[in-house]
Amino acid sequence: MNKFLNNQGSTLLKQLWLVGLLLICGALHGSPLTMWQQTQQPITGTVRDAQGVLPGVTVLIKGKTSGTLTDENGQFSITATATDILVFSYMGYKTMEVGVGNQTIFSITLEEDTTQLKEVVLNAGYYSVKDKERTGSISRITAKDIETQPVTNVLATMQGRMAGVSITQTSGVPGAGFDIQIRGRNSLRADGNSPLYIIDGMPLGTESLGNSSFLSGSILPGAGVNALSTLNPADIESIEVLKDADATAIYGSRGANGVVLITTKKAKSGKTTLTANVFSGVGQIARRLNLMNTEQYLAMRRQAFENDGIATYPTFAHDINGTWDQNRYTDWQKELIGNTSQHRQVDVGIQGGSEFTKLLLKMTNYQETSVFHGDFAYKKTAFQFSGNHRSADQKLQLDLSVQYVLDKNNLPGTDLTLDAINLAPNAPALYDADGNLNWENSTWNNPIRQNFEQYVAKTNFLNVGGSLSYQLLPNLEFRTMAGFSDTRLAESKISPSTLYDPAFGLDSSFSFLVRNAGYQQSWSLEPQLHWSTTYQNHTLSLLTGATFQERNFGTYALQATGFSSNSLIYNPSAANVIRILNNSNSVYKYNAVFGRMNYTFNERYILNLTGRRDGSSRFGPGKQFANFGAVGAAWLFSKEALVEKHLPWLSFGKLRSSYGTTGNDQIGDYQYLDTFSSNGLPYQGIIGLQPTRLFNPDFSWETNTKWEAALDLGFLNDRISVTAAYFKNKSGNQLVGIPLPGTTGFTSVQSNFPAEVENSGLELEWSSKNVNRANFSWSTSFNLTFPKNELVSFPDLEGSTFANQYILGEPLNIRMVYQYNGLDSETGLYTFEDFNGDGLIRANDDRKKVVDLTPEFFGGFQNTLTYHKWQLDFLFQFVKQTGPNFNNYKSMPGLSVNQSVDVLNEGQPFSAGFNTQATNAYSFYRNSDAAFGDASFIRLKNIALSYTLPTAKKWHCKLYLQGQNVLTFTNYRGLDPENYSGIRIPPLRVLTLGTQLTF
Amino acid sequence: MKTKQFYFILLTVLLGLVGCEDFVEVEVPDTQLSGALVFEDVRTAEAVLVSVYTRMHNNVLVTGDVSGLSVLLGNYADELDCYSASSQELLFNQNDLIAANPTVLALWRNTYNLIYTANTVLEGVEDSTQLAPTDRDRLIGEALFIRAYLHFYLNQLFGAIPYVTTTDYRENTTLGKQSNSAVFALLEADLQRAEQLLTDNYVGPHRVRPNRNAVLALQARFYLYNQQWELAKEKASNVINNTTLYTLAADLNNVFLRNSPSTIWQLMAAPEGKNTLDAKSFIFTAVPPPARALREGLVSGFEPNDLRGINWVKSVTNGSATFHHAFKYKLNNDTSTSMEYSIQFRLEEMYLIRAEANAELNLLDLSRNDLNIIRNRVGLANTTALTKAELQSSILKERQMEFFTELGHRFFDLKRLGLLDSVLTSVKPGWNTTDALFPIPENELLLNPNLTPQNAGY
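For the protein sequence lines, the chains are Z and B, in the order given. Per UniProt numbering, the first sequence starts with residue 1, numbered consecutively. Per UniProt numbering, the second sequence starts with residue 1, numbered consecutively.
Hints are computed from structural coordinates only; laboratory data are not their basis. Don't take every hint at face value.
Simulated crosslink set (EDC-like; lysine to aspartate or glutamate; CA at most 16 Å straight-line) [stated by the list, open to error]: (1) Z:Lys589 - B:Glu348; (2) Z:Lys880 - Z:Asp934; (3) B:Lys280 - Z:Asp934; (4) Z:Lys728 - Z:Glu756; (5) Z:Lys849 - Z:Asp834; (6) Z:Lys266 - Z:Glu237; (7) Z:Lys395 - Z:Asp507; (8) Z:Lys849 - Z:Glu810; (9) Z:Lys589 - B:Asp200; (10) B:Lys397 - B:Glu348; (11) Z:Lys730 - Z:Glu758; (12) Z:Lys880 - Z:Asp852; (13) B:Lys330 - Z:Asp308; (14) Z:Lys623 - B:Asp22; (15) Z:Lys623 - B:Glu348; (16) B:Lys428 - Z:Glu237; (17) Z:Lys589 - B:Glu25.
Chain Z is nowhere near these chain B residues, computed Cβ spacing over 10 Å in every case [unchecked claim]: (18) Asp96; (19) Leu105; (20) Phe152; (21) Ala286; (22) Gly309; (23) Asn382; (24) Ser426.
Glycine included, C-beta positions come from ideal geometry on N, C-alpha and C.
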């Protein structure tokens, strides 16, 4: 048995292998250990490539199950008979076959496989497909792309690298979320557009376990702690994004917004290696606003009061009435959000194995401090295990991967960005001479008080994904994918009485603690049969399977108040009042059958049919089940004799198209039920019950039809590859939270709406190996997407509550605003277009100007250059778009709020808020086209330079320098054109220095 | 090949069977209760009703918190100075509201949400088959009262509004504004029915649930505002004559305690040990005040010897400057048992309503009589007002000194008497005639154009 094992393998590995093999193979199909033959001769040899020896090459005897691997010196030994044929194979190299004959010592040189580009095998979820044979649209990035980026969120690694995939970072706070849209916005519901995420076969529940309204709302955008931020990018081998109907219809009701397949790192066979990777670096906010200094600011304020006809400054105007020092100046952006964050990661992994059993164990520790004033940090510790076993007869295969991640995010209770850009430049010092919080005689709300509101989120995430397959017959395989995931979140936020000005005289009985515990447990089981056959020029493969999935989800939030002392604030038992804010449990069940039929004729004509029937517990009785399906076809025209003859420079040519339907069930659980839930508040000892929602028992699936046509071309032996894809997707039967006026008691009700949204677009991809020499290579890839989004039909739009939100024929992502017409020469106030000519400016009648926020185009441009031992990677991300600028969120100039220096040269006369006409005009201005502007940018998203040290052959050392969001070129008037928010911290610029060691 | 095909077909069929429809059936989650069951049990029906009181106490409309009328209208009229330069409150203080104001939107939405809950109770209890008749009457009576009380304030703040009487969102989505007279008719009808259904009994201790007298008190106020003097007088008298339940507190320091004998209805602070949010909003211990203080004009308006100026106002000084805060509710921190609750109606108002109604009816002696009852108890001599006009202005002054920082009494008085412009223009630089009404929230107008036209001036 030891013959199969790498001699250098560790004892532990051997033992594990032995135990595993005996248990699994022995139990399932008898002993595989019987293939020994007589008349053998010992054979030895060395395998190399152009650069040197190759460890880990698989050496097999053709037609038999015995084999071995080369050791770290590229050497192997095996016993074979003279008639045997040795097969040498190694990833990225052409497989080589050599007859044994009389030779006993071999020297093999493997050739690199230059056509590897088209031999790339893509993971399509239930099946995998060779890149050149696919009929659908699948984009991917691999560990190679991920490794160069010092980021913590998986979605960050994809930014700018995939056509048709638009990703924006909503905040620079660690643990915050990213918005992703794959081929546009399909659903009218803002929260119904996220794709399906699958990690090693296990669907990831992306509903936030956090409590945004009581805990995280003021620091983390959106629904709070983001499920994807817990994943460890360093554990990921590849990310595939399925975009069109052909690739997504097999996911049925969950595929409408695309599917993101995340495959974690798997062990490779070969010598046991230990890899250590360490980096550390610094981060800062990448852009700041150019704000007024004290002199400019006070001049503005004085002018404002003068304009309002107020001669005596009011008592509350501390900045100008002499209460505060008129000469003091603080750069609040620097003070509050200008710290330098420290980033550090240590990543240690060990892996190895034989041809039959491979194991990988890895640990990552990451730490990041914040750019906020104060001590805050984000820590992540991730463990990964991956094991793979194949029986000697190759019939049974077992895969298991486990990720366990612990993360802890300690943040201030509130994002201080708004304070940083709003505070008067002559506002008082944060601390007094004794180092205590300075309240300056109750004349201001010290922004640092919010640091007392410590927000801590701890997440434990376990994901187990595995598959077991067995070759029932040579062309029939039974496979089961199964997985389990468990996420636990514990959040807490304290609000001690020290948060309030001592002048209120509040004691610790006013301090409170809010805690939230969330859990999500899910399992999934997917038995499948795969069958394929080839007859002459015909290849047919069939797949059928079923899915069972159940997800249990719950949150439990409590508020404790009335502490005897602030030092006991983390201990709810020291509180005299405990109130349950929220206690919810829900169950989501999902069941489906699915199938795929793929037919290839003559290696040129490919037809791919997929379908799914699925049911979801999110819908009311009778509405739970629906059918989805797609057809995809491809024609590899470059294999036609005519093309081969007349277009010899065309090395690859494929025309493909697909059409199909998918669905969307992202509407939350139990929306069809009429229920009451507890509000946790006692009144006369009775805990109140509140209506949970307006309900509608009749709603059902949102359907989405997708059509695509694409052309894939390869030139000059595939040194240049080009893809152009055009898609047109229509989503109808929109499941919408119809916005309701307050008179209904609620803000929305879930209902199907016969509105139709069309997303179309053109995606272009280019990749080329510009130079490919021994010591110098240069490759480029480029992607560009022109998206288009249109509301094509909406029955009775005028009579609906959407009348002032959407327009037929326009995109969904529009704002209806006032049209700014310049300043009134007499009053000096802003004026606006009076669309209905009634002499009044009214929201209903005059917000008729349409501002389109859909990007015109976006894309990325990436280059990799290698020279001897040096490698340089850089990626430019670019977006052409319109977005809200700071006029959209800044207060009226003249109020006690600092302003951009731009307002000194433009705009209406300053007002201190006593002139209602000016206030009104400014509020219209904020909601006019003047508050939107060019938010296009070109960003050096990522740059990585590495140098491999010339070391002894037994080990390998690489030094690298990486940067994220390094440079931004933009005309945007505001903090950052990516998240264009005035209250959230912009994405950080991070620079790191690291070392990777492999033994 | 045949065996293979057999295997394949067999397994396909087996897998096909696996997809079973029962798998996706789920139960109602164990933390929620299905709608139909709630109103078949008096305890759960009560739980829905009390959730309204809790929210009124904590954060909606009549709350003592900074989002409630006491603070907002105190600023909007001439009761409070605002010291918080960057707050929403300052916009109220400067009478600088615009249609997009988020506080106004929240006021509107949260109040209608409570009206929805009240309507849920009304419909649920009407349809229920298991509740005892006495429970039904009480629940329906209270829900009608809540509906009327909330609409009353909305009408005062926004003018013509939709009066919502159903839970059907399809109907409520397009509901237009109803004229003042239509709102009055509906309000009056709801209150008449509530008066018949409720009794003098309070549910539980401390008068934290409205009884028939709370309905009478609202009726008295409603008729006064509506200048129906006879009816206002009749309803106020009904409460005043109920001397077994209501008497004026001898000591002014006891008026705002939770067991005060003059309280008709109050909202409880829960759980036990909590006190009012009003106290938390108004009290400060160091100067300059961190958020808000009483206006100098109000504090100097107390006649000498007026015990209210002594017991209900507290001054805080740092030696050089002195500021005042309302000290009606005195406990801003927790106590071992709760001492003070937020009072919605108290007997003093009934006396002053009757005094005003009698004055309007030219029953000047009767009017003086009631006014003097209020004055004498705070250490003041009988009124010197002789004519009807003098009495009217004395009563207005008395109401100002009696009800300052309580639920916007001052603002509503000035408004109903047409005095907003004459009183406020001189003391409030931002005051405009059209500020008498709040703007209908812009967001609501966009969602429901039937709410147009917007109130004048916005």
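Here is how each hint holds up against the structure:
no.: 1; hint: Z:Lys589 - B:Glu348; verdict: violated (60 Å)
no.: 2; hint: Z:Lys880 - Z:Asp934; verdict: holds (8 Å)
no.: 3; hint: B:Lys280 - Z:Asp934; verdict: violated (46 Å)
no.: 4; hint: Z:Lys728 - Z:Glu756; verdict: holds (13 Å)
no.: 5; hint: Z:Lys849 - Z:Asp834; verdict: holds (11 Å)
no.: 6; hint: Z:Lys266 - Z:Glu237; verdict: holds (7 Å)
no.: 7; hint: Z:Lys395 - Z:Asp507; verdict: violated (71 Å)
no.: 8; hint: Z:Lys849 - Z:Glu810; verdict: holds (12 Å)
no.: 9; hint: Z:Lys589 - B:Asp200; verdict: violated (52 Å)
no.: 10; hint: B:Lys397 - B:Glu348; verdict: holds (14 Å)
no.: 11; hint: Z:Lys730 - Z:Glu758; verdict: holds (4 Å)
no.: 12; hint: Z:Lys880 - Z:Asp852; verdict: holds (12 Å)
no.: 13; hint: B:Lys330 - Z:Asp308; verdict: violated (38 Å)
no.: 14; hint: Z:Lys623 - B:Asp22; verdict: holds (13 Å)
no.: 15; hint: Z:Lys623 - B:Glu348; verdict: violated (60 Å)
no.: 16; hint: B:Lys428 - Z:Glu237; verdict: violated (67 Å)
no.: 17; hint: Z:Lys589 - B:Glu25; verdict: holds (8 Å)
no.: 18; hint: Asp96; verdict: violated (5 Å)
no.: 19; hint: Leu105; verdict: violated (8 Å)
no.: 20; hint: Phe152; verdict: holds (16 Å)
no.: 21; hint: Ala286; verdict: violated (4 Å)
no.: 22; hint: Gly309; verdict: holds (22 Å)
no.: 23; hint: Asn382; verdict: holds (38 Å)
no.: 24; hint: Ser426; verdict: holds (14 Å)
Checked against the numbered hints given earlier, the structure breaks hints 1, 3, 7, 9, 13, 15, 16, 18, 19 and 21 and satisfies all the rest.
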